Each structure stands twice: as structure tokens, then as C-alpha cells.
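Asker: Go ahead and model the full structure; you've got the sequences and the hints to work with.
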Amino acid sequence: MSDRKTERLLNLTLALLATKRYLKKSEILENVFGYEGSQESKERMFERDKDDLRSLGIEIEVGDLDPFFEDEPGYRIPQKSYELIVPELSPQELAILSLAANYWNDSVLAPSAQSGIRKLQSLGIPSSNDLDFRLKNRFENPMQTLEVISEAISRASSITFSYDSKERSLRHVQPYRVIFWNGFWYLMGFDTDRESMRLFKLSRFVSEVTLSKKKNEFKIPTDFDPLTYLPDRDIEITHTAQLAISKGSAVILRNRGKFLTSGEEVDFYEVTYSNEFQFLRELLWYGTNVEVIEPAELRMAIANLVKGVIA
Amino acid sequence: MSESALDRTARALDLVPYLLEHQGISISELAMVFGVTEKQINEDLVLIHMCGLPGYTPLELIEMYYEDGYVTVSDPQSLNRPRKMTRNELTSILVALDLMKAGRAGEISEVIMNLESKLIKNLKVDNPYVVVSDLVANPMIADLEEAISKSRGLQITYLSAHRDAKTERRIFPSEIFTTNREVYVNAWCESSQADRTFRVDRILECSLLSDADSVAIKKPLAQTTHHEHNEAGIKLFVSQSARSFIEENRAIVSDVRADENGFAVDLENIESEWLIRTILGYGGAIRVIEPEQLVGAIATRATEIYAKYL
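As given, the protein sequences belong to chains A and B, one line each in that order. For the first sequence, counting from 1, position 91 maps to 83 in our numbering; every step adds exactly one. Just remember that our numbering sits 24 ahead of the position in the second sequence, which is counted from 1.
In short, the hints are calculated from the structure, not lab data. For clarity, every value in this text was computed on a predicted model and none was experimentally measured. Take these hints with a grain of salt, some might be off.
To be verified - Which stretches of chain A does chain B cover? Using the computed rule of at least three CB atoms under 8 Å from a CB of chain B, they are:
id, stretch
1, 4 to 12
2, 16 to 28
3, 31 to 37
4, 103 to 112
5, 252 to 263
Glycine is no exception: its CB is placed at the ideal position from the N, C-alpha and C atoms.
Answerer: So this is what it looks like as C-alpha cells:
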């Protein structure tokens, strides 16, 4: 079954690609191998085949035949729209692309990345092999959700899903972008109930994603910049803290700080930080070997954290 | 599992131009490249062999030979060029390129950037993915990659958080990876005679060892990494506000059960010093349930620190 249909689809593609002029439907049904049965069933077969090929991304052009013929439409696949046309790629670039295609291990993105690279490797470009790329990303494996959302973005269809934040709730979102940020996948989109841009971590989705049937429901503003909606990313803003560090300890803090003066049991350093939450965790790692001198708010924050542990 | 005729058609359409550029390729390699069984490839080839242009005489059929497990195509008919890439194919490659660029310095990151803009310009695609990386480009990465590629050891100066000291070591790196916001390297450490993970931003200096020295410090073959088994098990309660702890430490979390207020978490056996220091930073948002001595140790540590701030 699958054999015969595949064979027919291949023959149809071959014929429509080979022809320079449009082929009439009757010519196709008569000459392309695989169309059998009554006229009606042949025609139905052909209609389905056309849809199938289009779903593979193959463009079938419909055109008017010579006006001297009956006004039956004609079909062909223009070579230009069928084939992969890429700019010249250097051997090094092709090698980088091959590595990129193998980046995804066994995640949902792997099959498409690999079929993509096979096409590039069918262009006859030699590939160089002297790249030392070894750095791998260990990330949360992207789930099926990822594909549904990227589909929704390209169709501009809104989506609905159940999300686990402070409480579980059903969210209605116009998806704008899928963001990979420091090892995690996020959806950035316009939450239509809350009427604002929101960021959702894909690992906190607790239901399937339902895609609206409608297309072009929204338009992503042309000047949309996802980076402005990421929290805590203002690395430009840095704060300075003064620390008392016990002699011979906290080498890592010392290494990135500025030495101020030396005391009897401690040395004083100035250290900059941008994310307070992370900095507090770093300081507490050193226990009693590091004490915050300034600013007062940071002293207070540390005191509150440890008080929380004792309570 | 039976495959849809459509998936098979897609593969057959890609097989022919691929064969054309890889004449004499073996069936087993084809199976690997296309991610299917050799049996499937054989069936595909038989099928393709029967396809061609109207007329379907030998002159009009796709002409190929497969002998002793090797395939050659002599006439692909109209399937001589690869199909254009789908949106999914292109975007998944683009995200991977973005990831490869992150953390890299110098010429190569420019090469990748140019390549990306070339692809985007020519293939006109709306990319739904955005990669944001806060990794700081680190030239040490290239040295480590070179060492791994060439199977060489390294002499490093390393700031150890654990020992709280600047140390000199010879290591034999095996894997370099990024997770959360940092780049790490797994290596055999000669001085500790064990596999260790190092944070790349804490390597102050590194230099490639000679071939002879590299061989000398290699991990002994018989060595199997020994994991102490933790009979008691570590049980934590992690409140909602500290859930990032679970997400950032997936590797050591063995079980998570959610309730209204947070998560009951079981951990793999890990070093208690690491856990004490880490939990302190979450200020009460993570509670140790078991073992008892860990609960005590954390409370003591916290009281000592608090005394400094009274």
C-alpha cells in the first residue's frame, strides 16, 4: 500500500519537475504511472496527491494552457521553487553546519536538523574536517511543545495551555518567540487575559498546548525585541560591595575583587556584582569567612537569609 | 511501526540527490545518515529503481546500481538537485549555530555569524527561535577543545572553591559543556587521581602538555569511578520560590513530588559540604528533612554567620 502510493508520488514529482510546459490533468492521469481505476477515482487520487506533495513543501504551479486548447488547467513544478539554492558555502562553513546538525542529540529538533544537513551535503560542496568544536550545551531536552509553539508562531495562531506558576491556571497566549536562555526553553508571548507580555518556562507547562484553528490572529510588531522583556538582564548595572575576607580564604572572590587594605585577621576587598540574589548565594558559600561591610542593605539581606534558615 | 507514504516519499526524494554526490556509498552508511534501518534503505532503493518519467522504458527510469552493498546512481532523471529546506530544518540548524556561537571568541564566532546571515538572507525564513546566552566569551574554551581533539593533557592553574585555594594540576580533559550559566570541563585529574569537573572561568592559566606527558597522566584503564552509596538518602523540602534549585541541579535530583506549597525532593548521594553551603544561600526556602545531622549542621552554620551581623 505504502509502496504504491510512494511510487506514484515519486513518479508525479519526477514528471512535473521534468516538464517545461504545463501538463494537462488528462495527460498526467493517462501517462504518469500509478493512476488506476475509474476516471473518477483517478481524479480523486490526483487531488489527494497534489495536497500531499504540497504538504511536503513542494510548490505545484497551476497555469493556463495554450488558449487553443480547452480551458483545462495545467500543472508543473518549477525547478527554481523546488531546489535548494544556497549561497556559496566554504568547506569550513559546511563543516560547521554538519556540527550544528548533530547538536541536538536525540531531542525533537534532531530529525529536522539532520534532514536539513543531508540536503546541504547533496550540493557537492567539499567539507573540511579540522574543527575542534567540542563545547556542548547540556540543556533541558526540548519537548514536543516546542514544535507546536513554533508552528503556532509561524501561523500567527493563539495557543492555550495550563501553566504552573504560583497556582495552576489556563493561559491564553499569542506566541511571539521561543527563547533558549541559559539552558532553558521559554515562550515569550502576549497574554491576552493579563494584557501584557509574559515569559513562560516550557518545563512548567502542565498540559498539552492547544492551537487555535484560526491563522493570522495577531501581528508581531516589527520592532519587537525579545531582549527587553527578559527579567534581570541589565548587566550594565553593577553594584559595589565592601567585604572583609578572612586571611587565606575565598580565593575566587579575591581574584575578581579589588584589594583595599589588610587587617589583623581579615583583608578588605571591593567586589562588584549585578545580580543580588546570586551574589548572596556566592557570599554564603564562604560561611563565616566573608562578612559584608557595605552596603547596609546587603548586610541586612544576608542577615535575613540566615535568620530564615535558623527559624 | 509502519511509516506514512508521505514520509517515505520525502526520504526517497532526498536520497537520489544525496546518492548523486556520494557515489559508491555503502548501504550501511546510508542507513546511518538517513536514520533508518538497512532493510528500509534497501526497500527504498528497490522502489526508486522503478520510478521515472512517463514512458517508463529503461531510458526514462532512474538508473542506479547496487552491488555488494554499495550504491551508484548514473541517471537521476529530474531528481538531480536537493529539495529546498523546510522551515523546521532551517530553524533547528540556526538555533544550533546560535548555541555554538555562544561563549566563543574571535574569528570563529564571526565565521558563524556570517554563515547565519547568509542562510537567512538566501532562504528567507522567519525564525521563531531566539537564543540568549549570558556566557562570557572565554578564550580558554578553544584551548580545552584543542586538548580534547588532540587527546592531550593540560597543565592548569585552578581556583578551587572546594579547597578554597589556588592549585596547580595536570588534567586530561574528556568533555566540555555548558549548563545553566557556566562552562565546565570534565577531566581526569592527576593529583586527585579521580574524575573531576572544573569550572572553566576559574582556570586562570592553562598550557598544553607534550604528547609524552599527556600519556603519562592518562587515567589508568582499570580505574572505575566509585560512588559511595548513600543509604539514608537526602530529603529536602523546596518551596515554590526556590524551585530554580531543582531546575539547576537536575543531575542530582532523583525524585520530585509537588504539593501546594512546594516540592518534596530526593537527592542522589552528594557531598554534604556542598549541600550545606548551597542551601544556606536560599535562606530557609529549602529545608532539609533528612538526614538529621545535616539539619543540625546547617542550623549551626547559619547561627555562626548570623552572629557576625548582630
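Asker: For each hint, tell me whether it holds in the structure or not.
Answerer: How the hints compare with the structure:
no.	hint	in the structure
1	4 to 12	holds (count 5)
2	16 to 28	holds (count 3)
3	31 to 37	violated (count 0)
4	103 to 112	holds (count 10)
5	252 to 263	violated (count 0)
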